[in-house]
Amino acid sequence: MSFWHIVLKSLWQHRLSTGLAVVSIALGAALLVSVVSLREQTHRNFTQEGLGVDAVLGPKGSPLQIVLNALYHLEEMPGKIKWTYYQKVLASEVVESGIPFATGHSYAGFRVNAIDERFFAEFEYLPGRRFSFCPEDGGRGRVFEARDEAVAGADVAKALGIELGGTFNPTCGVNPGDPVHRNDLIRFVGILAPTGTPHDRAIYIPLKTFYTLEGHGKEVQEMAIDEEHREISGAYLKIKRIRGGVLHPGIQDLKYNINQSTQAQLVVPNEVRPRLFGIIGWVDRVLLGIAALVTALALLFLFVALVSALRERRRDLALLRCLGATQRTVFGLMLCESVFIAGLGAIAGLALGHGIVAVGCELIRVETGLRFTPFYVSSADLYLLPAVALLGLIAGLVPSIQAYRLGVLRNLAPVS
Amino acid sequence: MIVTLRDLVVEYRNGGEALRVLDVPTWELAEGEQVAISGPSGSGKSTLLNVIAGLLVPTRGTAVVCGQDLIGLGEAERDRFRAAHIAYIFQTFNLLQGYTVLENVLLGAVFSPERPDRARAIALLERVGLRQRLTHTPARLSIGEQQRVAIARALVKKPGLILADEPTGSLDPRHAGEVVRLLREACRENGCALALVSHEAGVVSAFEKKVDFLALNRAVSAAGGGP
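For the protein sequence lines, the chains are Y and S, in the order given.
743 is the number that our numbering gives the last residue of the first sequence; the numbers go up by one with no jumps.
1137 is the number that our numbering gives the last residue of the second sequence; the numbers go up by one with no jumps.
In case anyone wonders, no lab produced these hints; they're calculated from the structure.
Note that this is a predicted model, so its numbers are computed, not measured.
Cβ atoms here follow ideal geometry from the backbone N, Cα and C, with glycine treated the same way.
There's no promise every hint is true.
Unchecked claim - Facing chain Y, according to a computed beta carbon distance under 8 angstroms, are these residues of chain S, among others:
| id | residue |
| --- | --- |
| 1 | N960 |
| 2 | L965 |
| 3 | C976 |
| 4 | G977 |
| 5 | R990 |
| 6 | G1008 |
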């Protein structure tokens, strides 16, 4: 029998109100944890070191739309650009290399991007990291070589159960109901090792295959050989570096000149992302606000539960005082109960919050291709437990002071 | 002496007026001694016990209990004094309902300087005939059994003095006699003094030393008796 035994015994005696308080705090904390985790992971996903792209050369239209389509395989490209114009940009002294691509096809909900094969050899999806087909990394097969060959991103392969040698018919468009290229059977010859980027969420076919798919008009078919009239959706550009790895300042002039033209625009992903957060920021803030409100209400509930429990326990506390418990002891008992309930709620909330993220990240991955993990340690994880324990301490302060001031004789009411 | 009271006065403020409820010129209790304090309800017997237990601060006078002068002690010091030296038995037993019989007994020593001794608690429960009821809660005990648990709880921390306020008030005469006999024997075995308050003649008559509180408390005797 000890001080802590009395604390636990009291919590058990009032297990219904204790349980309700723990559950309500856990729900509020779980909301906070999941919202903050998803928020931070969203930021991380959209601020990943350029995803290997310094700039995207794309058609005129919304720069945000271009970034979402080119880097995240979302949305649609607002148009096309001329191959000749791309070549002209490529010749610029500040451009180190370029990888052209053509979007607009899909398969089973995943984008099918026609892309230059150098994408697999030269492209760094993260600094120093290139795509791999090595089985040790989780990849299989090889780069496409023939017109009717394709490479699947790791997530696509996993989601669709794709095996090497498997075939598919690409859909001409990215929306449900779009026509399927029924006579173009493409075979998977490679599956990329997971990269942890949106690149895992696309299927890649040779750039020229895009033009020669049956069903495309003659004009498009000719683009495969006629460079003069060839069009592409865009190109990933790698800009030359100066000292310290800083982008060549000439990119600003290049951007200005391209954007002044009527043919294309140059989009720097790092400049566009803040706009994205401007759009989703208010949703983010509303969710955080709701979570904070739920947590605050839960702590208010804890306060009410403690005050109500104190009413029931006046006689018990008076008896403890009569047995020699000091005012500080009964104060500590009440306060410890409050902190214990809040702490237990916070721990349960952390577990529940990560459970919500686990469910949420799978849904988000299916819907958007963004990769989230339930094991991400967010700032909420670090601060939640001490913050809720502190709030529990504050919620328990008034009932604890009431217990401290409890009149022993009045509440024992001895009969003589 | 384990208790020495001199010119002890307790007054309550009733509006602007002072209402005197206790006025004891002198009273002493020796170590290990047992005394029955009798008197009608409202004669101030419980007030006297509350002063001796350090639960009530007298308005003036001297109260030395277990070698400790209670006058001038702060609340925390009186709590610690009570934890170390005093055990209280109530008419309504005041057992904690969520605790088992054994836990209730151990609670008696939780706040004392000595650590709660489980073996001693079990031995005391055996002494009061409740060895088989260790894990039962008070709700499953009879009234007489509950009072025996209260006796074991009072003795577990080896107090110098047990204060029993109408401990047989809820019992029928047969059980009352048994409980008082048990309490007195247990006090003798453990070497602690006993001050028992009762208005039941049958209980009081069992004691060699008796105090008529109507005569002792000048606040009541001067007003012409009890309420």
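| request: Answer holds if the nearest beta-carbon of chain Y is closer than 8 angstroms to that of C976 (chain S); otherwise answer violated. | output: Violated - the Cβ of C976 (chain S) stays beyond 8 angstroms from chain Y, reaching only about 13 angstroms at its closest.
| field | Restraint outcome when N960 (chain S) is required to lie within 8 angstroms of chain Y by C-beta distance | value | holds, 6 angstroms
| request: Return the status of the interface hint for G1008 (chain S): holds when the least beta-carbon distance to chain Y is below 8 angstroms, violated otherwise. | output: holds, 4 angstroms
| Closest C-beta approach of L965 (chain S) to chain Y relative to 8 angstroms, hint status | With a minimum Cβ separation of about 6 angstroms from chain Y (threshold 8 angstroms), the hint on L965 (chain S) holds.
| field | chain Y contact restraint for R990 (chain S) - C-beta distance below 8 angstroms | value | R990 (chain S) check passes; min Cβ-Cβ to chain Y is 7 angstroms, inside 8 angstroms.
| query | For the hint on G977 (chain S), does the least C-beta distance to chain Y fall short of 8 angstroms? | reply | violated, 17 angstroms
The structure does not agree with the numbered hints 3, 4 stated previously, though it agrees with the rest.
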